[in-house]
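Chemist: If you want the building blocks of each chain, they are given just below.
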Amino acid sequence: MTERVREILSWYESDNPGTRTNLARLLNHGRLGGQGKMVILPVDQGFEHGPARSFAPNPAGYDPDYHFQLAIEAGCNAYAAPLGFIEAGVTNFLGEIPLILKLNNHDVLHDEKDPLSAVTASVDDALRLGCAAVGFTIYPGSTQAQTMYAQAREITKEAKSKGLAMVLWSYPRGSDLSKEGETAVDVVTYAAQIAAQLGAHIIKVKLPSAHIELKEAQKVYQKHHIPIETLADRVRHVVQSAFNGKRIVIFSGGARSEDDAFFTEARAIRDGGGFGSIIGRNSFQRQQAEGLDFLRTVMGIYAGEIK
Amino acid sequence: MTERVREILSWYESDNPGTRTNLARLLNHGRLGGQGKMVILPVDQGFEHGPARSFAPNPAGYDPDYHFQLAIEAGCNAYAAPLGFIEAGVTNFLGEIPLILKLNNHDVLHDEKDPLSAVTASVDDALRLGCAAVGFTIYPGSTQAQTMYAQAREITKEAKSKGLAMVLWSYPRGSDLSKEGETAVDVVTYAAQIAAQLGAHIIKVKLPSAHIELKEAQKVYQKHHIPIETLADRVRHVVQSAFNGKRIVIFSGGARSEDDAFFTEARAIRDGGGFGSIIGRNSFQRQQAEGLDFLRTVMGIYAGEIK
Amino acid sequence: MTERVREILSWYESDNPGTRTNLARLLNHGRLGGQGKMVILPVDQGFEHGPARSFAPNPAGYDPDYHFQLAIEAGCNAYAAPLGFIEAGVTNFLGEIPLILKLNNHDVLHDEKDPLSAVTASVDDALRLGCAAVGFTIYPGSTQAQTMYAQAREITKEAKSKGLAMVLWSYPRGSDLSKEGETAVDVVTYAAQIAAQLGAHIIKVKLPSAHIELKEAQKVYQKHHIPIETLADRVRHVVQSAFNGKRIVIFSGGARSEDDAFFTEARAIRDGGGFGSIIGRNSFQRQQAEGLDFLRTVMGIYAGEIK
Amino acid sequence: MTERVREILSWYESDNPGTRTNLARLLNHGRLGGQGKMVILPVDQGFEHGPARSFAPNPAGYDPDYHFQLAIEAGCNAYAAPLGFIEAGVTNFLGEIPLILKLNNHDVLHDEKDPLSAVTASVDDALRLGCAAVGFTIYPGSTQAQTMYAQAREITKEAKSKGLAMVLWSYPRGSDLSKEGETAVDVVTYAAQIAAQLGAHIIKVKLPSAHIELKEAQKVYQKHHIPIETLADRVRHVVQSAFNGKRIVIFSGGARSEDDAFFTEARAIRDGGGFGSIIGRNSFQRQQAEGLDFLRTVMGIYAGEIK
Amino acid sequence: MTERVREILSWYESDNPGTRTNLARLLNHGRLGGQGKMVILPVDQGFEHGPARSFAPNPAGYDPDYHFQLAIEAGCNAYAAPLGFIEAGVTNFLGEIPLILKLNNHDVLHDEKDPLSAVTASVDDALRLGCAAVGFTIYPGSTQAQTMYAQAREITKEAKSKGLAMVLWSYPRGSDLSKEGETAVDVVTYAAQIAAQLGAHIIKVKLPSAHIELKEAQKVYQKHHIPIETLADRVRHVVQSAFNGKRIVIFSGGARSEDDAFFTEARAIRDGGGFGSIIGRNSFQRQQAEGLDFLRTVMGIYAGEIK
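Chain order of the listed sequences is F, W, B, R and G.
Going by numbering that gives the first Met the number 0, the residue at position 227 of the first sequence is 226; the numbering climbs one at a time, nothing skipped.
Going by numbering that gives the first Met the number 0, the residue at position 189 of the second sequence is 188; the numbering climbs one at a time, nothing skipped.
Going by numbering that gives the first Met the number 0, the residue at position 251 of the third sequence is 250; the numbering climbs one at a time, nothing skipped.
Going by numbering that gives the first Met the number 0, the residue at position 295 of the fourth sequence is 294; the numbering climbs one at a time, nothing skipped.
Going by numbering that gives the first Met the number 0, the residue at position 190 of the fifth sequence is 189; the numbering climbs one at a time, nothing skipped.
If you're looking for bench data, these hints aren't it; they were derived computationally from the structure.
A couple of the hints might just be wrong.
Pairs involving identical chains hold if they fit within one copy or between any two copies, as the list cannot separate such chains.
Pairs of lysine-lysine residues, derived as DSSO-like cross-links and limited to a Cα-Cα distance of at most 30 Å, are as follows [claimed, not checked]:
#1 Lys222 to Lys112
#2 Lys306 to Lys218
#3 Lys112 to Lys245
#4 Lys205 to Lys306
This one's a predicted model, so the numbers in the text were calculated from it and none came from an experiment.
Put together the whole structure using the sequences plus the hints.
Modeler: This is how it looks when you write it as structure tokens:
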């Protein structure tokens, strides 16, 4: 085990050996194994946005096997997906890559202002399918946030007692937040803090903008001159907000974007001390070869081999 | 076991042998046994629409035994019904046809825009009544969809652990969808994807029209030139949306219609790679002999014996 | 055991011997024992309408013992009441008459348009009190119907597994129904069908009028010339709607009415193939001797001794 | 055991010996022991109205020990209080007086029109604290009444199975009732009936006025000339409404009032066949000596020693 | 054990030895150990207000270890925090200070008028992390107060049966209360009473103002001349309202304030018989040395060494 992984694991000493073993698996697998960095392939967009919007750009992605292969060949640390996708492919790739079972999901056939994801799988499903971790989404800011926090808490408790790692997607949304506010730096750091306090091992947030949403927070950012000009600054501030860097924070790639812009963001994540990325549409919505190239470039950036 | 059934079962390898045995039973029973095609008789209309609307056209159908007989004599793969109908007839037809116990139901004495079906039976009921599978309806798009997804998930988990197969009826409805949108091709494919991600073994959807409901989806269908002109195209797209054809998708027949129109639809389902039909009113609302003829013609189409 | 009781019990063969034993007890007890007809005394009006409205016409009825005595002396098949009334009297009449414990109740101190009864007793209460069956009210048409269906289902499942019979009161009410619609023939038959599909052994509905409430149903009644002119016609149609006569359907007497009118109704129930009546206010709101006479006349009609 | 207590216990024969033992304890303790009459000291006003409103008139009452002492010295049949008060004092007075643990409570920091009390203690708390009974408040007429009935039912079932007695406070309130209607004679009798049907052993209601609230009830009171002119008449009618006197009904004293008025009411309760009083503010809001005198006078009235 | 601690523990004799052992630990630890006084460090502001608002004034506080160290070095009786903070630091400070796990939390990304905190940890979490107590917040006055009381009750029951102490934060808020009313003396005393009646061992309230919010209470305060002029008077009245001083009541420090003002308040708490303070922002939002000085001064006041 590398020193860095040993250091990271030392932050989770209150967890049982089973959970820490699975955290070690996630950290030690793939191209970035042992470096304390992570690139995860998540494919829940079929549920969240619909199949055509997700897979038409690269129809191979309609097939559950495709994403296992992509994640394995690219050397991702893990592959994350809802129950159906994991069930449909897992027996073809037993033990080839750590799996994260996504335990709740949301669709846009009804797209409410204050969202609540439905619980669509369980910790025991993760165990029977051989997963290393479970994933769960919370929407801080939603009027239904309390329900999701309580669900997250129940699942986290069960996952930890059964030796799994817990990954929280923490995406602020809701009627009290402006659209711009969903990625405001004060809001994203707040989302990271909430996830950390809820007991997440790995926290997934969006990349923050320099906007500050909450009035009370604006005063504080001014008074204390918190540096938020560059993306790297803001990433550093998010990481600080996750227990001074003692929780693994990774950033979501979002919708398909220009490669250069994406790589620039990855550099900022790296330079700001972020732990990596969770990259869905930007990887599986390309032809496989191109997707592999893309993922390898991102990993090269995190590995410090590409400036 | 035929090669085709073996292939289909290979998609469900994460399930336990009990569940796969029941899937095999469903696939191997009746006139289409072994061909990887299915025609199922569902009779829940007494609950869903009321007894006279359902059974007055052929009053023999008031009797629970009638539908068992019809399904058996026609050579259907399975008979699906709510608790009362199954309980009332099962002992007269023990083991003669695989049964699917419908676990939730909805009536129209209160017909809300955002429907929620009531859970009216349990997995244990299915076991004590000798059923091969349980059925459950979700209404994606309803403001109450989360509740139904969570119920479906609980039932799916229990059914799978107890060796039963899971059939999901996935019918988009709700205040965010237009009437036309309920059968729009983007919405029906989305419904199939959600059911697949929830872990369904067999998915039942409505036949899709060429209408596209969601704005975000319209752009995608145009940009990627997804073929949706013919019904067979759209069936193919639905099947693709259910894990690239790795989940069994069957189509609902809907209200009583002209025979020729129905047979044309069956051909499109067959030609588009659909796995079959679930045919209620078009079969039991006729005199028995006529109903048997009708069902046999549909099966002949699926078997490829009738062009 | 008479041939008729044997026939009726044959419709319930999917139930365990304990439940069928209790059904046999209900069918074989009292004046109509063995004839496949039933008259049941229900006294939940103290809860449903208040004590003075229920018992002031015959103050003896304030006493819980009174109703046990009345039902026993009149030769009713069973006595049905809420927890308090059963608990207060049962030890004085152990084994003298089959008891039905009413498991939910509603009062009119708050009288909502879309009612939900409160669950006020349990299956285990029925067992410890020596009851043969449990009773439960559903209000199809209420916005809260789903909750009641689910409760009914849970209770039915538990009752059946513990060897009790299940009696469902199925009374359509709610904001989508007109007052007249609550007893419309299409609505009452629908209520009977729902109760049957939920797994009830004995179904209690109101006597239907010739009114047809639902638009979709009106077309069907016209097209298929369903006979609903006479009350006997309509009773026959209700019985048909309860699994072609394979479920026991009894009719509620309603508010205190003229004797002759009541006897005329009883004849129509008999002639239409109904299984009997559940008679509360018309029996216990009279002086005891008069109440006994009244009940005996009704039973005489069902027994065919009085034309 | 006196004949009267033996008679009262005979009404509860369906209960297990444990519960009947505790009922006997309540009936046999204190100054009125053995007479079939009860005076209970309830002190939940600190929760229900706030501490200063409750205890400032006699600051000794801030102390939990005070009320134990008062009830013991006055010779009350029992002392009733919420969890905190019982926990804080019980070890100083082990076995000196039967205790009733109040299981739900309401405060007026939010004072809603349709109240729901919060469940604040459990049957198991009552057992571990050595109580003889549990108490629970229902608000018939509240839109939330169904929830409270269901809670009451669960608690009653558990209490009875664990050998405790059940005391129901039945206080009509809610948006359908006028202020005057809360103590109307038809409403109070209805409240007593509901509590009895829910399985209460001891029922606590307010003293009824001659007002009649419900239209349907007014007709009945007129037609049947139910005597309600005097308070004793109305008490008699309440007792009749609680299973013809076969359930113990006691009356709440309400806010601090003139002594003579209170004693007049006690005489009416006695003369109308009521079983006694539950007296809080009128006893503990006085200096101790005065409070003891007051309680002893009331008991003297019930014992028939004071006319 | 000192006499004072022995006296305090005598108020909790109904609790099991495990719980009283943990109460003793809290009372005997740190600078004020054995004196019957308490200063607790609570750090849940990262969740409640966001990370920057909480930790930017002293960025060392982003790190979970910082607060353990601060509390230990200052000699606090205990350190209280949400799950994440405790999990992240506990293994570095095993047994060095009693811990209070905060079991529910609220954030301001959605800041509702009638708040409900989410349950974010469990009693079993507290046990596996070696905590001495659990903490829970209720908002009396909120329309959702009943839910929180019921949750508090469940948690209190479980904590007591598993040998932990229970600390209730009782903060009136909600649409029926004015802003000023949240700290009105009648409201704060009411909040203390509710917490005590719910079974709390330690009660945390805000310092009360001389304002009286509730009309009914105003009359009582005037009539009985309850002294509320000075802060010490009001503290005394709060302590009286918590079972005449037989429950431990501590006061929250609130937002960062001037040192002298804070020390004056501490003196009033001491002189009014309060048991101490829970001090968050005023201690951890300073540089460490300054924070230690501050806390030591407050403890000196409580110890009576500083006038």
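Chemist: Against this structure, judge whether each hint is valid.
Modeler: We went through each hint and held it up to the structure:
1. Lys222 to Lys112: between (33 Å within a copy, 28 Å between copies)
2. Lys306 to Lys218: neither (36 Å within a copy, 36 Å between copies)
3. Lys112 to Lys245: neither (33 Å within a copy, 34 Å between copies)
4. Lys205 to Lys306: within (22 Å within a copy, 52 Å between copies)
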